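Heads up: the sequence lines are chains A and B, in that order. When we follow my numbering, the leftmost residue of the first sequence carries the number 1, and every step to the right adds one. When we follow my numbering, the leftmost residue of the second sequence carries the number 1, and every step to the right adds one.
Calculated directly from the structure, the hints in this document are not laboratory data. Don't take every hint at face value.
Same chains, same names: a pair is fine if it fits in one copy or spans any two.
As the list claims (entries may be wrong) - DSS-like mimics (lysine-lysine), calculated; alpha carbons at most 25 Å apart, straight line:
(1) LYS99 x LYS79
(2) LYS299 x LYS195
(3) LYS79 x LYS106
(4) LYS89 x LYS299
(5) LYS79 x LYS256
(6) LYS201 x LYS99
(7) LYS299 x LYS106
(8) LYS49 x LYS256
(9) LYS23 x LYS201
(10) LYS195 x LYS89
(11) LYS99 x LYS299
(12) LYS106 x LYS89
(13) LYS299 x LYS201
(14) LYS195 x LYS49
(15) LYS201 x LYS49
(16) LYS49 x LYS23
(17) LYS256 x LYS106
(18) LYS79 x LYS23
Quick caveat: nothing in here was measured; it's all calculated off a predicted structure.
These are the residues of each chain, in order.
Protein chains: 2
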Amino acid sequence: MEFLITRDDLNRALTRVQGIVEKRSTTPILSSVLIQARPEGIRMVATDKAMTFLGDFAANVRVPGEVAVDAANFFQIAKVLPPDVVTVKLGDNLRVEVKCGSSSFKLNGFAAAEFPVTPPLDQSRVLTIASAELRRVIDQTLFAVAPEDNRYGLNGAHVEDIPGEDHLVRFVSTDGNRLCWSQAPYQGELGIGRKMLLPRKALSEIRRLLDGYEGAAEIAFGERAALFRVPGVMLHLRLLEADFPDYRQVLPSGFKRRVVLERDQLQESLRRVSIFATDGAHSVRFAFSGDGLVLTARKLDAGDSREELPADLTGEPITMGFNARFFLDVLGVLQGPRVVAELGDTLSPCLLRDPDDERSLFVIMPVRLD
Amino acid sequence: MEFLITRDDLNRALTRVQGIVEKRSTTPILSSVLIQARPEGIRMVATDKAMTFLGDFAANVRVPGEVAVDAANFFQIAKVLPPDVVTVKLGDNLRVEVKCGSSSFKLNGFAAAEFPVTPPLDQSRVLTIASAELRRVIDQTLFAVAPEDNRYGLNGAHVEDIPGEDHLVRFVSTDGNRLCWSQAPYQGELGIGRKMLLPRKALSEIRRLLDGYEGAAEIAFGERAALFRVPGVMLHLRLLEADFPDYRQVLPSGFKRRVVLERDQLQESLRRVSIFATDGAHSVRFAFSGDGLVLTARKLDAGDSREELPADLTGEPITMGFNARFFLDVLGVLQGPRVVAELGDTLSPCLLRDPDDERSLFVIMPVRLD
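The shape of chain A in the complex, shown without the other chains:
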């Protein structure tokens, strides 16, 4: 194996694989990237077993071949090489020689055959979605995916076809205290697996691959895995084998009070007042009345914070407690200038949405005030 690649292209390629490989795996091969040099260019493959990245990159391949090499070591080198053409060559004893200007490195490689094989996936049913829409849907649901809950179903975003409506896909996530719901149009066919739960790390990785990309993305769902594809990149994802809760029970069916607020203003006030919301639940007191909204928080031994802002309330005044971070997470992923909160009683869930955008909605459970 031997190929030439510019330092910058090599860096771009290795940056892509860094998110996938396990940094401190006890199985060294899982910390490595498989490099496949073919006449048309190089393919880099990295896997953490749950997810496999396959990326094609331009390179001047002199001798086709393949080898695996520690991804972190290779990346560390690539980052500091002079801005020149890099020669990568498989030498004796699986030693990978990397040369650039007056620099040369020899990396210990692994036989390509040791690298885990990516299971094949039925790609007969593929959906196509605009990258801006998929970005939005992931941004609007990823933050509420539980990080490591032992209710395994909460560790992913649930994907579903919307019953009765053609060609709309919905992502739903919840960590038990809040719920996110976001949908987007697609073309093609949503090949429903048994349980379409995309794990947190897979969502983050897809989101990363969509950064700065404006074309269409493809997803093919199989029984236990899905394949995400943008030009030059494939991501093979194992789906979560768990049950997502019946989220429809949580959605409020009506409301007693409705408040319209300016999103930026609420965001800034809430950020400030929540500096003193340092209890576990980041509790902030929301007092809605005809005069507007007063936010207050208290940090023991430190002091109090207070913010006043205009709010357009329909219904009786009410005082409720909310986790400031949950509110801020939602405000950060809405796109319009206004936000609507639909409220019941003091301990009823609060529904948040953009009054001019039907594509997403958010439910936040209140916290009990002392």
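Following the hints, position chain B against chain A.
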């Protein structure tokens, strides 16, 4: 106490005190900043006992007075306030009210009398030094001050008047494996204390205060403390009560070999090759010969790195080992395009300096190669 100050001025003032206050002190008053409002402006005082910062800032003082308040809490608030005028007022029960636009905070304060008193210092003998020179001298010595050595004398930079030469001050630091030596001209009088050892944290803080400042700085050395002063800021520093070693023994008196290198080139090559110098001593093999310098390193289980660069050697070829970081630290604080290494035998100390600048020199002990 009551004063008005712009959000930005308040932030600037509080940024200054953050480096001094102890973040997690068991004595709450040491985590606080003392605010003294006087008709001419406000003074902020912060201390960690070893060091006291006194800074004067412009403010519109309505009611003079003083109070201490938790510095981290106050800073956290100041950072997020809207860009407007902030009113700071001492209310009942030592509550400090901070108002800005629609935001208001109440911080629990401490009585000013609880704040530790800064001991007075004899300021009759003061030396004046150009800030660019003092910055250079600190940059060229601080990195070799031992972080926390139980040989206490190594935990500071030794300051001395140069015998036989008027108005040159020299800073010397060592951690036992390397030595830095840097001198600068001054005006005024160097009021020699018994032992002039400036602690590491004091040096960092002085360096921070010199950032972006181009005027002259003043230092008054007393018996056990020193006072550093730039316009609007005083820093009271307790000197280290320990003995600095007799560093002159370490300075090589002659050399057998002399090598001239391009500083940038050596820096870049060394950075690259040292990626694989991951043993405790960051060992890199330096092979000097008539053909130039070859740098090599080996990381167990990962691979080898190699760099070639031109070097102008006078004397016999030699191969030595050095800690790459020690070399890089020195290369980073030299200012000219070239660097000279004066070498003895394989295990003799190496003297590094700029061939065109007599103001500083550096000694690095080699490491034993396997």
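### Query
Using 25 Å as the alpha-carbon threshold, which applies to LYS256 and LYS106: within, between, both, or neither?
So LYS256 and LYS106 fail the 25 Å test inside a copy (69 Å) and across (34 Å) alike.
#### Entry: Status of LYS299 relative to LYS99 across identical chains (alpha carbons, at most 25 Å)
between (57 Å within a copy, 17 Å between copies)
### Message
At most 25 Å between alpha carbons: which applies to LYS79 and LYS23, within, between, both or neither?
### Response
Classified as within: same-chain Cα gap 17 Å, cross-chain 36 Å, threshold 25 Å.
### Task
Evaluate LYS299 and LYS195 at a C-alpha cut-off of 25 Å and name the case that applies: within, between, both or neither.
neither (44 Å within a copy, 45 Å between copies)
### Message
One pair to classify: LYS195 and LYS49, alpha carbons no more than 25 Å apart. Within, between, both, or neither?
### Response
within (19 Å within a copy, 62 Å between copies)
### Task
Can you give me the call for LYS195 and LYS89, within, between, both or neither, at a CA distance of at most 25 Å?
This pair counts as neither: shortest intra-copy Cα distance 44 Å, inter-copy 60 Å.
### Task
Classify it for me, LYS49 with LYS23: is the Cα-Cα distance of at most 25 Å met within a copy, between copies, both or neither?
within (13 Å within a copy, 42 Å between copies)
### Task
Give the relationship of LYS201 and LYS49 under a CA distance limit of 25 Å: within one copy only, between copies only, both, or neither.
Close inside one copy (12 Å), not across copies (47 Å); limit 25 Å.
### Query
How would you label the pair LYS23, LYS201 (within, between, both, or neither) given a Cα cut-off of 25 Å?
within (14 Å within a copy, 34 Å between copies)
### Query
Given identical chains, is LYS89 near LYS299, meaning Cα to Cα at most 25 Å, within a copy, between copies, both, or neither?
Classified as between; 19 Å across copies, 60 Å inside a copy.
### Query
Taking 25 Å as the upper bound on the Cα-Cα distance, should LYS49 and LYS256 be classified as within, between, both, or neither?
neither (49 Å within a copy, 58 Å between copies)
### Task
Could you figure out if LYS106 and LYS89 sit no more than 25 Å apart (CA to CA) within one copy, between two copies, both or neither?
The answer is within: 9 Å in one copy meets 25 Å, while 66 Å across copies does not.
Consistency with the previously given hints fails for numbers 2, 5, 6, 8, 10, 13, 17, ordered from lowest to highest.
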